[in-house]
Amino acid sequence: MNILDKMMRLDRRWIFLFLIVVCVVANAVEFEVPILVNREVQSIYDFIDSLPPDDIVLVAIDYDPNNLAELHPMTFTIVEQCWRKKLKIIFTSLSQNGPGMTDQAIRDITDSMALDRTYNGVEYKGREIVNGIDYTFLGYKPYFALIILGMGQNFRLQFPTDYYGTPLDSLPMMRGVNNYDDIACVMDISGGNITDYWISYGQGRFDFPLALGLTGVMTAQYYPYLGSGQVFGIMGGLLGAAEYEELTENPGLAKDGMRIQLPAHIVIILFIVLGNIGFFIDRRKRKQEGGVQ
Amino acid sequence: MKKTTYLLMAVISALFVLSWILKAGSLSGETDNYVIQGFLITFSAFLTLSVLSFLYADNPLYKFAEHLFVGVSAAFWMCMGFWTTIVQNLIPRLSDGLSSFFEVPPQPGDYNFFFFIPVILGILLLMRLSPKGGWISRWPLAFIIGTTAGLNFVRYLRSDFIKQISNTFVPLLGTEWQGIGHFFSNLDLSASGQLVTMAANWVIFLGVFCGLIYFYFSKEHKGAFGAASKVGIWVLMLTFGASFGYTVMGRISLLVGRITFLFRDWLEIIS
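Taken in sequence, the protein lines are chains A and B.
In this note's numbering, each number is its position in the first sequence, counted from 1, plus 1246.
In this note's numbering, each number is its position in the second sequence, counted from 1, plus 363.
Keep in mind the hints are simulated off the structure, nothing from the lab.
Treat the hints with caution; some may be incorrect.
As the list claims (entries may be wrong) - Under the rule of at most 30 Å between Cα atoms (straight-line distance), these lysine-lysine pairs were calculated in the BS3-like manner:
| id | chain 1 | residue 1 | chain 2 | residue 2 |
| --- | --- | --- | --- | --- |
| 1 | B | Lys526 | B | Lys426 |
| 2 | A | Lys1332 | A | Lys1371 |
| 3 | A | Lys1371 | A | Lys1331 |
| 4 | B | Lys582 | A | Lys1533 |
| 5 | B | Lys593 | A | Lys1531 |
| 6 | A | Lys1533 | B | Lys593 |
| 7 | B | Lys426 | B | Lys366 |
| 8 | B | Lys593 | B | Lys582 |
| 9 | A | Lys1252 | A | Lys1533 |
Stated by the list, open to error - Calculated Cβ distances over 10 Å to all of chain A for the following chain B residues:
| id | residue |
| --- | --- |
| 10 | Val374 |
| 11 | Ile499 |
| 12 | Leu514 |
| 13 | Lys582 |
| 14 | Ser592 |
| 15 | Val598 |
| 16 | Ala605 |
What the hints assert, rightly or not - Negatives, chain A to chain B, calculated, CB over 12 Å:
| id | residue |
| --- | --- |
| 17 | Ala1315 |
| 18 | Tyr1409 |
| 19 | Asn1424 |
Glycine included, C-beta positions come from ideal geometry on N, C-alpha and C.
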């Protein structure tokens, strides 16, 4: 058996092991990967950057903990950017396993906001983020299509109280805020088909500016909506999050993850190329032997 | 069970307990409930490794992790549905007594007889559990399917059909076309320039046109028609390739997340 035959019959578990070893080694080695920012990510940053203080952004955290690695960095960066710019945020979490995770993320970002930071040359003093003044967390309700439609009439229709049980009218930032007409944009960070409903039931019906933060698996599927203007920006996977961290000068887990992504992708590309070379050589050999037409 | 299975279980249990003790010890100065935190992180690492063990072969540890996940998710979803929908949304609109029992503020202004309709439909749906009255559950099911179909029909027609079709009606010479002389004398190769815009519009037009031809089966794919069909296949393959590329990135991102957890939060090898 020559080396080609051995390669073609290689047990896939060796490939898994090799990939894991590469990821672990890359994790241990310190180096920086250059990040080039795409137009669709830049447009989200520019939009949020242009909003005046006290404007309200609705951040829909529509993913479960199984998408945490890809989507949490997006949430952290965007929410911190909004709060540093003194924007207010309404959080929703329309994925059933998401509310606890969202609550924890809000607390983590709140802690980070207490520190002085300098982003893009601007110094931001640390400040206390207060529930009901800087943000409202509406929580989770099932049947997201109906929730998205209902919020178009009035947030109170689907969420009489917030996640913590406080009536919405008792929260200072929600006074006079009734529906999508009172918010600047919706940022949907999603790991499932909830995004379809934000596009069609939300943006399609109520015509608010919508941007998406998506898992890598979903991203290619949603580019047509970018072309048609139904969404004004898309962040795709961990790379999209890393691009946003680059724009905000707030490096986090996504930029760090690029150190592992790069060698892992190179390994996968190498295996695809080797597999194809092996396949074509094998086919040619069998053709010559008259085995395959 | 075999003796080796017992031995393996004993080794895994011993490693788990050892990891728990060490983790709790490392957290003792940082948090008050370090024993529970140590257990949670060790248990998370155990479940992560159990799931990853499937890459080698199917095994009882993987099955345990999988069944635990399915069971906990189902129970969590059911509890969330009950407390967020029935208790928070429905009960305050039905009864003051039930509101005080569940300690949710009643909404007397919103009292409406129509809120009893979903209650009745919900009970009818549960008739599926009855061996003789199972057919009754078809009525609420028909209501759900009917309303969903009606809502989705309008939704798809507007956002996935009309808007997407109108987006393919693009000016093939760009929106700023002022003649061929003007085009060459002001040739701009930047991403927002006229040349790139024209090229992008042609790609959209030809991609949609050839893709549709590939799915037209009432005429044999020969000659110019066949060539356009082949271009359509290429367009589809490129789309699938881009999607696959993103999928690979997504899967590696999840692996990155788990590796970061194992080496940073559990083993504390990296900072």
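These are the hints, each one checked on the structure:
1. Restraint check for Lys526 (chain B) and Lys426 (chain B): the C-alpha separation of about 45 Å exceeds 30 Å, so the hint is violated.
2. In summary, the hint linking Lys1332 (chain A) to Lys1371 (chain A) is supported, as the alpha carbons are separated by about 11 Å, within the 30 Å threshold.
3. For the suggested pair Lys1371 (chain A) and Lys1331 (chain A), the alpha carbons sit about 11 Å apart, so the restraint of at most 30 Å is met.
4. With a CA separation close to 33 Å, the supplied pair Lys582 (chain B) and Lys1533 (chain A) exceeds the 30 Å bound.
5. Between the alpha carbons of Lys593 (chain B) and Lys1531 (chain A) the distance comes to roughly 28 Å, so the proposed pair stays at or under 30 Å and holds.
6. At most 30 Å may separate the alpha-carbon atoms for a hinted pair to count; Lys1533 (chain A) and Lys593 (chain B) meet this at roughly 25 Å.
7. A C-alpha spacing of about 20 Å is found between Lys426 (chain B) and Lys366 (chain B), which places the hinted pair at or below 30 Å, so the restraint holds.
8. Among the hinted pairs, Lys593 (chain B) with Lys582 (chain B) is consistent with the structure: their alpha-carbon atoms are about 14 Å apart, no more than 30 Å.
9. Between Lys1252 (chain A) and Lys1533 (chain A), the direct Cα distance comes to roughly 20 Å. Compliance with the 30 Å bound is thereby established for this hinted pair.
10. Separation of Val374 (chain B) from chain A is adequate, the least Cβ-Cβ distance of about 21 Å exceeding the 10 Å criterion.
11. No beta-carbon of chain A comes within 10 Å of the beta-carbon of Ile499 (chain B); the shortest separation is about 22 Å.
12. With 10 Å as the threshold on Cβ separation, the claim that Leu514 (chain B) sits away from chain A is violated: the shortest Cβ distance comes to roughly 7 Å.
13. The beta carbon of Lys582 (chain B) is kept farther than 10 Å from every beta carbon of chain A, the shortest such distance being approximately 27 Å.
14. The Cβ of Ser592 (chain B) sits about 22 Å from the closest Cβ of chain A, beyond the 10 Å cut-off, so the non-interface label holds.
15. Here Val598 (chain B) stays apart from chain A, with its beta-carbon at least about 13 Å from theirs, past the 10 Å limit.
16. The non-interface label for Ala605 (chain B) is inconsistent with chain A: the shortest C-beta to C-beta separation is roughly 5 Å, within 10 Å.
17. Interface exclusion of Ala1315 (chain A) from chain B breaks down, the closest Cβ pair being 2 Å apart, not more than 12 Å.
18. Tyr1409 (chain A), annotated as away from the interface, has a beta carbon of chain B within 12 Å; the closest lies near 9 Å.
19. For Asn1424 (chain A), the non-interface assignment is confirmed: its Cβ lies about 16 Å from the closest Cβ of chain B, beyond the 12 Å cut-off.
Violated hints, listed in ascending order, are 1, 4, 12, 16, 17 and 18; each of the other numbered hints is respected by the structure.
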